[in-house]
Amino acid sequence: MERIWTALKVLWVLPVSVFALPLLPLALAWPLPRAWRARWSINERVLEIESPAISWFLRGPWFRALSGGSGFAAATIGHVIVGRDHHCLASCRVHEHAHVRQCERWGPLFPLAYIVAGVGAAIKARSWAAYYWDNPFEVEARNVEQQAAATLTPQANPPS
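Numbering (the numbering used here), first residue to last: 1 to 160.
Just so you know, these hints were derived from the structure itself, not from any lab.
Keep in mind that a hint or two might mislead.
[What the hints assert, rightly or not] Here are the simulated lysine to aspartate or glutamate pairs, EDC-like style, with alpha carbons at most 20 Å apart:
hint, residue 1, residue 2
1, Lys9, Glu104
2, Lys124, Asp134
3, Lys9, Glu44
4, Lys124, Glu140
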């Protein structure tokens, strides 16, 4: 039954994941020079891709404007997570997997819901940076990330 449920989630998210198809040449290392080739792996049923080309993209003007600075370390496209490099993917994995779960809940409506939530946050705050920082989807992902970090952090005074 779990396999059926997983397959249904993949199909539900597929219309979003398909937008990652242009990244396949990077992941398959063709026809790009060796220095621009991507590395890819599957982690918790999610394809993760990292490459210098993706790094350049995530540091581009659109992502710099959204983040209010240096761009993003990683981004989620359905069941695909793209990252600048291995370290960025590792450090952002919990946050980005929270977005994967959001996409599994919202399916093909997720991109529209994310945009509407971001625009609403930006209008409410009267700041373009709020599109990202106050977006409820991002707030939820940061909360998941903080909860995961809290469970890994040893307590200062463990119970006796």
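For this structure, which hints from the list above don't hold up? Checked against the structure, no hint fails, so every one of them is satisfied.
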